[in-house]
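Following the hints, position chain B against chain A.
There are 2 protein chains.
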Amino acid sequence: MSPVTIGVDFGTESARAVVVDCANGAERGTAVFAYRNGVIDERLPAPNSDVVLEPDWALQDPADYLGALQRAVPEALAAAGATADDVIGIGIDFTACTMLPTTADGTPLCFVDDLRREPHAWVKLWKHHAAQPEADLVNAVAAELGEPWLDRYGGKISSEWFFPKALQILREAPHVYDRAERLVEAADWIVWQLTGVETRNSCTAGYKAMWSKEAGFPSETYFAALDPRFADVVDTRMTRTITPIGRSAGGLSQAAATLTGLNPGTAVAVANVDAHVSAPAALATEPGTMLMIMGTSTCHILVGTHEAIVGGMCGVVEDGVVPGFLGYEAGQSAVGDIFAWFTERCLPPGYHDSAAAKGVDVHTVLMEQAAALRPGESGLVALDWWNGNRSVLVDAELRGLLLGMTLATRPAEIYRALIEATAFGTRTIVEAFEAAGVEVTDLVACGGLPFRNPLLMQIYADVLGREIAVASSAQTPALGSAIFAAVAAGSAAGGFDTIDAAAARMGGRGATAFVPDADAHEVYDELFAEYSRLHDLFGRGGNDAMRRLAGISRRARETRLVRS
Amino acid sequence: MSPVTIGVDFGTESARAVVVDCANGAERGTAVFAYRNGVIDERLPAPNSDVVLEPDWALQDPADYLGALQRAVPEALAAAGATADDVIGIGIDFTACTMLPTTADGTPLCFVDDLRREPHAWVKLWKHHAAQPEADLVNAVAAELGEPWLDRYGGKISSEWFFPKALQILREAPHVYDRAERLVEAADWIVWQLTGVETRNSCTAGYKAMWSKEAGFPSETYFAALDPRFADVVDTRMTRTITPIGRSAGGLSQAAATLTGLNPGTAVAVANVDAHVSAPAALATEPGTMLMIMGTSTCHILVGTHEAIVGGMCGVVEDGVVPGFLGYEAGQSAVGDIFAWFTERCLPPGYHDSAAAKGVDVHTVLMEQAAALRPGESGLVALDWWNGNRSVLVDAELRGLLLGMTLATRPAEIYRALIEATAFGTRTIVEAFEAAGVEVTDLVACGGLPFRNPLLMQIYADVLGREIAVASSAQTPALGSAIFAAVAAGSAAGGFDTIDAAAARMGGRGATAFVPDADAHEVYDELFAEYSRLHDLFGRGGNDAMRRLAGISRRARETRLVRS
Chain A
1 MSPVTIGVDF GTESARAVVV DCANGAERGT AVFAYRNGVI DERLPAPNSD
51 VVLEPDWALQ DPADYLGALQ RAVPEALAAA GATADDVIGI GIDFTACTML
101 PTTADGTPLC FVDDLRREPH AWVKLWKHHA AQPEADLVNA VAAELGEPWL
151 DRYGGKISSE WFFPKALQIL REAPHVYDRA ERLVEAADWI VWQLTGVETR
201 NSCTAGYKAM WSKEAGFPSE TYFAALDPRF ADVVDTRMTR TITPIGRSAG
251 GLSQAAATLT GLNPGTAVAV ANVDAHVSAP AALATEPGTM LMIMGTSTCH
301 ILVGTHEAIV GGMCGVVEDG VVPGFLGYEA GQSAVGDIFA WFTERCLPPG
351 YHDSAAAKGV DVHTVLMEQA AALRPGESGL VALDWWNGNR SVLVDAELRG
401 LLLGMTLATR PAEIYRALIE ATAFGTRTIV EAFEAAGVEV TDLVACGGLP
451 FRNPLLMQIY ADVLGREIAV ASSAQTPALG SAIFAAVAAG SAAGGFDTID
501 AAAARMGGRG ATAFVPDADA HEVYDELFAE YSRLHDLFGR GGNDAMRRLA
551 GISRRARETR LVRS
Chain B
1 MSPVTIGVDF GTESARAVVV DCANGAERGT AVFAYRNGVI DERLPAPNSD
51 VVLEPDWALQ DPADYLGALQ RAVPEALAAA GATADDVIGI GIDFTACTML
101 PTTADGTPLC FVDDLRREPH AWVKLWKHHA AQPEADLVNA VAAELGEPWL
151 DRYGGKISSE WFFPKALQIL REAPHVYDRA ERLVEAADWI VWQLTGVETR
201 NSCTAGYKAM WSKEAGFPSE TYFAALDPRF ADVVDTRMTR TITPIGRSAG
251 GLSQAAATLT GLNPGTAVAV ANVDAHVSAP AALATEPGTM LMIMGTSTCH
301 ILVGTHEAIV GGMCGVVEDG VVPGFLGYEA GQSAVGDIFA WFTERCLPPG
351 YHDSAAAKGV DVHTVLMEQA AALRPGESGL VALDWWNGNR SVLVDAELRG
401 LLLGMTLATR PAEIYRALIE ATAFGTRTIV EAFEAAGVEV TDLVACGGLP
451 FRNPLLMQIY ADVLGREIAV ASSAQTPALG SAIFAAVAAG SAAGGFDTID
501 AAAARMGGRG ATAFVPDADA HEVYDELFAE YSRLHDLFGR GGNDAMRRLA
551 GISRRARETR LVRS
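Keeping their order, the protein sequence lines are chains A and B. Each residue of the first sequence is one higher than the last, beginning at 1 in the numbering used here. Each residue of the second sequence is one higher than the last, beginning at 1 in the numbering used here.
Isolated chain A, as found in the complex:
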């Protein structure tokens, strides 16, 4: 057997280990481990389930991550018919920012007996949104002090990111913060568990912790302005040594070898993020190629040769995607989530019955009907802001809009309009990059949606007026992690010395791309003009109904609480 590497993709509900052939990228074996405690968003796990969480909290249990290494890695290896001797490297990717407080030796604080009932001692998952007040402070102080890094993040730091979460621990549970000798991304924590050595990767540091290769972290003055006790957060609980992705983080420790069944000394790649790690797997490492990771939400990754400020992008980080280049990230906060919302909450029984009768899922039934419609035929247009807007406008209070319904409007028409709206959202992002001088020459999609929803892909091609390629792998994050593992191993061990070399052999795209239809594109130009007008109208202050309604809604809920 040719040498293999293992990529482990830590997702929101489960982790997936894939064994990949370094010679050709073939995925030889896969295993999935579902987290026992999943997303912890109502109460702590037993025996502490009397500890109830506030709204917007989302925690995880690091024991689940270790469980994944212990179970999924050997299972994937067995499925591949490979042994530990065949494995030259392991790489991992994670959701981000998912972070936790630990002791100096990396023990999660939630593993420490007297802290186990402290919610702030657990892992804060990426979608923990309870640090919004801290994010507001982070932004207000940055604006006030004219912090130069703010522009790199489209002018706004999200409540999902590292320092709002860290600051929330300090402000709400100073005794937990005191015990936190380290504050670390879960991605880096896993690599720490694998190698026994703490490293910090450039991807999460850059995109989630306001670090840049040139300027490092924000200043102590800035952190002190947030809270005097926070001034030294980097030097006391993090590190200024950031390792670029694409490097080796070291060899597998004896303890980790025991845990996973791999050989000690096996090369371990520096940690990475699920979206960014996918770029080489989809051959999206050339400047100008935009990778769209399309699932419940969409993440856009674009490699560039120079730093430009793009309104509302999530971040631009040197070495963030491919060493030596600028990595841009943008995102749509709800894509597949909107379609799931629609099928769960807006779809009448007939569609469910029809799907059951055919033994397919409802999306298949809807796709069939929606595909029979011509662009523009429904007279519908939507704004895809069911989960706010995190690109271009960067406003979580924005809401969805659907316009054009008549008594004849059918579910498949709404379904198609929602797909189109997300495509218009993507086009808005692509145009924002190009308007800022960052060329987008090439589009490639990966993630779950491109494989499940060909109609959606065709609509995207028609709306964008561009060909869209699709990664050949349906599990690009794990494949990407395996590619980075092969680079960590190096050519001497049977791997590769550069990302490009590894990607060329192990990554890939499907043979057929989605090609735009000229007639459809023409109609979509008109519909996109409507979308853009509504986008600017409701997004840029022409009509602030969404924000006002969000406020009215908040007050109504508060009144309810007071009354009940």
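No lab work stands behind these hints, which were simulated from the structure alone. All residues carry an ideal CB built from backbone N, CA and C; glycine is no exception. Wrong hints could be hidden among the right ones.
[Said to hold, decoys possible] Computed far set for chain A versus chain B, every beta-carbon distance over 10 Å:
(1) M1
(2) R28
(3) R43
(4) A79
(5) V112
(6) W149
(7) E214
(8) D232
(9) T364
(10) E439
[Said to hold, decoys possible] Pair by pair, the computed Cβ-Cβ distance ranges are:
(11) D178(B) - A408(A): 29 to 37 Å
(12) R43(A) - T559(B): 55 to 63 Å
(13) S2(A) - S354(B): 51 to 59 Å
Chain B in isolation, oriented as in the chain A frame:
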């Protein structure tokens, strides 16, 4: 037994006969006759079902109307335990404008052998919308010639009305038009069948045929400008003698007595329209009282003391509702229809299952959940234009809008937002009347919705900030027709000499009104401000997306036709 009258309400799918006690308005017996051929909108009835209708056509079969008289009248009488001798009068109301071409003796042209396969020989139902090109012409020529009557109809004649339909016959089937010795409202045609004498009522003439007591019909010059062959339409196929509602049209003919089982000579009231005839049944004959007839759509009837021009009203007609007063009509083109659309096309299986399990309909389940929400809590607002807007804006191309969705939005929240949108639509109409100097002091509702949907009524009261009374009868049109029948009979026969006197004894309102909640009203003031901003934005040209999308949709459908 005290004297009774019979009211027959001719609806869209069926006719309902009700026997009413003149002493107290008690509804002693009811019978419903479902039209055998219902709404004819795809092909003519067998044996001519090879004749396919164009889109937007909606016809009926006059034989169904005769069937209703023959079956429902004696059945209702039997149900009441009454005999023909107890009946002092009969009155009817009809949908409008529902019109047909006949020979000079009143024989419908579709009864004439060689015309039976001609679609234009059949009854054009109110919702026949295929005369839009003719309506456009009617409006354009009226504007060009500065026709003084145009203002009385809010500046726009609907394709549903009399002359567009008549002109469609002339333009598309001149040979049918040639054979049409009479063009007549179905309401008047029924009375003609009952009495053997042709009369024309002031209500349909005024609201649907641009007639006014003062100025009569539009001029020959105007009709000639539409089409030279149309110049003499009034004098050759109609009559200038218009009888005010509230009068007797004559006694029942021998033939009609045989048909219905009533006595010859029984007083027959002048024909009336379903909405307008309801006013006395709901005690809404005082100036300032607005009657809302709430069903699939809502019709607003308001009696006034002087003629004012209200933007977008459907019409103002002297003697149109109560003799001696101005009768105003306004309308919302979709109300219950929107909720039905929602429950049929947007409601997931769980709601249907839950309704089935409880043995109730889905509206009950939705109402229960929607009632638990506080005003504004959902963060949603909608524009109720699923069937265009026929009040204030008078634009059939306007479409529905729903704004504020998040991934957490639930069906009951959307349901409530749709109800609220129709309430905002009503408030817009009430405010338009008051802005034009026509006072609205009192609100009373009738029709199906007030009885089925108490949540809706409470929301209307909260949105309007006014008490809303409800008619005591669930079948106000038939009751109203019976009241007009009692007036046609006169006091000497045991009836009444005035509408007011008859209404006072036979009409009525429920004991409890819906009273606005002050806190809810305050929140609804804010939401109504949002509605109004969106209303003006999309309705008055600020953003013409709806009209443009309607155009794009039309083109897409045409392209499909060309291609297929």
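Hint check results:
Listed as outside the interface, M1(A) is consistent with that label: its C-beta sits roughly 45 Å from the nearest C-beta of chain B, beyond the 10 Å cut-off. Here R28(A) stays apart from chain B, with its beta-carbon at least about 37 Å from theirs, past the 10 Å limit. A cut-off of 10 Å between C-beta atoms confirms that R43(A) is not in contact with chain B; the least separation is 20 Å. With a least CB separation of 35 Å from chain B, A79(A) remains clear of the 10 Å interface cut-off, as annotated.
The beta carbon of V112(A) is kept farther than 10 Å from every beta carbon of chain B, the shortest such distance being approximately 35 Å. Non-interface status of W149(A) relative to chain B is upheld: no Cβ of that chain comes within 10 Å, the nearest being about 30 Å off. The beta carbon of E214(A) sits about 38 Å from the closest Cβ of chain B, which is more than 10 Å, so the claim that it is off the interface holds. The beta carbon of D232(A) is kept farther than 10 Å from every beta carbon of chain B, the shortest such distance being approximately 39 Å.
Against chain B, the non-interface label of T364(A) holds: every CB pair exceeds 10 Å, the least being about 17 Å. No Cβ of chain B comes within 10 Å of the Cβ of E439(A); the nearest lies about 31 Å off, and the non-interface call holds. The given range of 29 to 37 Å is respected by D178(B) and A408(A), whose C-beta atoms sit roughly 36 Å from each other. A beta carbon spacing of about 56 Å between R43(A) and T559(B) agrees with the range 55 to 63 Å that was offered as a hint.
Roughly 58 Å separates the CB atoms of S2(A) and S354(B), a value that falls within the hinted 51 to 59 Å.
Taken one by one, the earlier hints all hold for this structure without exception.
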